[in-house]
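Q: Residue-level listing of the chains:
2 protein chains.
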Amino acid sequence: MAAARAEAKEHENSHNNCLIRLANPHVAAMKEDILYHFNLSTSTCDFPAMFGDVKFVCVGGSPTRMKKFIRYIAVELGLDHPGEEYPNICVGTDRFAMYKVGPVLSVSHGMGVPSIAIMLHELIKLLYHAKCSNVSIIRIGTSGGIGLEPGSVVITQQAVDACFKPEFEQIVLGKRVVRNTDMDEQLVQELMQCSADLKEFTTVVGNTICSLDFYEGQGRLDGAICFYTEKDKQAYLQAAQAAGIRNIEMESSVFASMCRTCGLRAAVVCVTYLDRLKGDQITSPHEVLAEYEQRPQRLVSHFIKKSLGKV
Amino acid sequence: MAAARAEAKEHENSHNNCLIRLANPHVAAMKEDILYHFNLSTSTCDFPAMFGDVKFVCVGGSPTRMKKFIRYIAVELGLDHPGEEYPNICVGTDRFAMYKVGPVLSVSHGMGVPSIAIMLHELIKLLYHAKCSNVSIIRIGTSGGIGLEPGSVVITQQAVDACFKPEFEQIVLGKRVVRNTDMDEQLVQELMQCSADLKEFTTVVGNTICSLDFYEGQGRLDGAICFYTEKDKQAYLQAAQAAGIRNIEMESSVFASMCRTCGLRAAVVCVTYLDRLKGDQITSPHEVLAEYEQRPQRLVSHFIKKSLGKV
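So the sequences go chain by chain: A and B. Okay, so the first sequence: first residue is 0 according to numbering that gives the first Met the number 0, each after it adds one. Okay, so the second sequence: first residue is 0 according to numbering that gives the first Met the number 0, each after it adds one.
Take the hints with a grain of salt, since some may be wrong.
Put simply, identical chains are the same to the list, so a pair is met inside one copy or across any two.
[Stated by the list, open to error] With a cut-off of at most 25 Å between alpha-carbon atoms, the simulated DSS-like pairs for lysine-lysine come out as follows: (1) K174 x K164; (2) K277 x K174; (3) K54 x K66; (4) K130 x K54; (5) K30 x K232; (6) K99 x K309; (7) K66 x K309; (8) K54 x K67; (9) K305 x K198; (10) K230 x K174; (11) K198 x K67; (12) K30 x K230; (13) K305 x K67; (14) K309 x K67; (15) K309 x K54; (16) K30 x K277; (17) K174 x K232.
To be clear, the hints were calculated from the coordinates, so they are not data collected in a lab.
Using the sequences provided together with the hints, build the complete structure.
A: As structure tokens, then:
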């Protein structure tokens, strides 16, 4: 309970002054901080000079998608120059890729809770060392929808676990720790307004299951292992739908929990590639999926431009 | 309990005939199987022709490492040709990378249990569709050691969870499912003998914690979030050491559990980058880590050559 109170207090402080605040007193005492999976270190990089102006961080699973996004947002913000390349800041490692243009940082996080957690620990320390303030972070991802037309976009209200509880559970030093997964309500409303401005695709606000698995964990019938029936699967997904769940992905709960704890306004905007009530395999043609993939990017680009007074 | 019995039976069958056996009756009835994260499909690829001769699958987190490994094993097996490139079989996706030479397949799996589980579901189906038999699969990875000189190699006897239990827990359709994480005993012994043959570096057999997190989940003091002390951390790591644990990584439990269930002989061979009793950050120079990284590859290469009667 003491730890929970400390976490709540940390959260409150961080939102008052809008600086990135680590929930770890040890880091300030470190002479050097090596962000191993970014291949960046405070002793060889000037973080305030490199990253001090960052106000928007966009993250997604695929490095290729995050590279496409930085090119797209550069054009949208009028910050592109003909023939300009955006070098991967995390050169020398293939764990994550990172790109920057103006106030926007674009970072890949791989698939699943452990992978994005590694990225977030190091990203949050990067923003802290860079003395960033008023940072919003948005996951632009892909997901399976529940009862939605494929291509619909879901803005997550609450990330829930596989039992539909709005919690992120973790084992720390062998003990169970449970943290809150609420998203920033105001940011959800702002993003929903951006979708209404655009009128380009269906967008809904709803709850999101954060699963630790793509196959059995999401009730798919097409994995290497499956000991249940179509009927069992339908019962699970229909119970999810009844609980206000609109999509399933694999990173939102730890993303919500860590960003909350460290004073980052956070949102999850995912397109749905299929309706899980109707199937498991992603069968749409490549060009259809490619257009779906751009939808969260278009929404978030509009949000960034609006925040900067550019629309 | 019925599910557990079905799993045990599946396992027994699969070891008798040494074919890959899916633990999912639904797949045989599918007209097409799209392995989405490999960007491969049974309707566009001839799996038996492409993969039917695979006998050894080596997997690791980093795509770059797995590309280096295929070049290395090609030379070791005398299957290389001057100037030959090994194309990525999973072209068109950046989720995973896959390379093949002769009977060896080399596949990346990203970081963490959910990421490797996606890869394994699709890999096991690939081997099944290709009608492979007598396949051994070895994870050649990196890890944090406990009470070992950095650079030591650990062959995992049992993958344990963060509470030191030899179990892999998963939520399937909202219910807790627990599976066994024992490794193939004979394969462990064969690999240990290969290390004795080589006499190049220290190798030990021990238990391995499979953590869902790199920072708090492994008791590190250098993440963005940390609500415990150095003393708490030491108590946890020392308890792990007393329980026969020699290293911590992030994929072994689901790897052991899934491979067992589907009739693959499986082993985990990880080098240790640091001694976690002495620190958290990976501070060794790049060239030292690069040499450490090769050690599991050298060990597994010797094993493959020995299995093929080439040494």
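Q: Determine for every hint whether it applies to the structure shown.
A: Results for each hint:
For the homomeric pair K174 and K164, the shortest alpha-carbon distances inside one copy (19 Å) and between copies (13 Å) are both at most 25 Å. When the C-alpha separation of K277 and K174 is checked against a cutoff of 25 Å, the pair qualifies only between copies, where the shortest distance is 22 Å, while the shortest distance within a copy is 39 Å. In this homomeric assembly, K54 and K66 come within 25 Å of each other (Cα to Cα) only inside a single copy, at 18 Å, whereas the closest approach across copies is 36 Å. Taking the closest pair of Cα atoms, K130 and K54 come within 25 Å of each other only inside a single copy of the chain (11 Å); across copies the shortest separation is 52 Å, beyond that limit.
For the identical chains of this complex, K30 and K232 are inter-copy neighbours only, at 20 Å across copies versus 52 Å inside a copy, given an alpha-carbon limit of 25 Å. Proximity of K99 to K309 under the C-alpha cut-off of 25 Å is restricted to the intra-copy arrangement: shortest distance 19 Å within a copy versus 50 Å between copies. Taking the shortest Cα distances, K66 and K309 sit within 25 Å of each other inside one copy (22 Å), while across copies they are farther apart (44 Å). Taking CA atoms no more than 25 Å apart as the test, K54 paired with K67 passes inside one copy only; the shortest distance there is 19 Å, against 38 Å between copies.
In this homomeric assembly, K305 and K198 come within 25 Å of each other (Cα to Cα) only inside a single copy, at 15 Å, whereas the closest approach across copies is 63 Å. Taking identical chains as interchangeable, the C-alpha atoms of K230 and K174 lie at most 25 Å apart only when they sit on different chains, with a minimum of 15 Å there against 36 Å within one chain. In this assembly of identical chains, the alpha carbons of K198 and K67 lie at most 25 Å apart only when taken from the same copy (23 Å versus 48 Å across copies). Proximity of K30 and K230 under a CA criterion of 25 Å is satisfied inter-copy only: 20 Å between copies versus 57 Å inside one chain copy.
Taking the shortest Cα distances, K305 and K67 sit within 25 Å of each other inside one copy (21 Å), while across copies they are farther apart (46 Å). Taking the closest pair of Cα atoms, K309 and K67 come within 25 Å of each other only inside a single copy of the chain (21 Å); across copies the shortest separation is 46 Å, beyond that limit. Taking the shortest Cα distances, K309 and K54 sit within 25 Å of each other inside one copy (15 Å), while across copies they are farther apart (58 Å). For the identical chains of this complex, K30 and K277 are inter-copy neighbours only, at 16 Å across copies versus 55 Å inside a copy, given an alpha-carbon limit of 25 Å.
For the homomeric pair K174 and K232, the shortest alpha-carbon distance between copies (12 Å) is at most 25 Å, but the shortest distance inside one copy (32 Å) is not.
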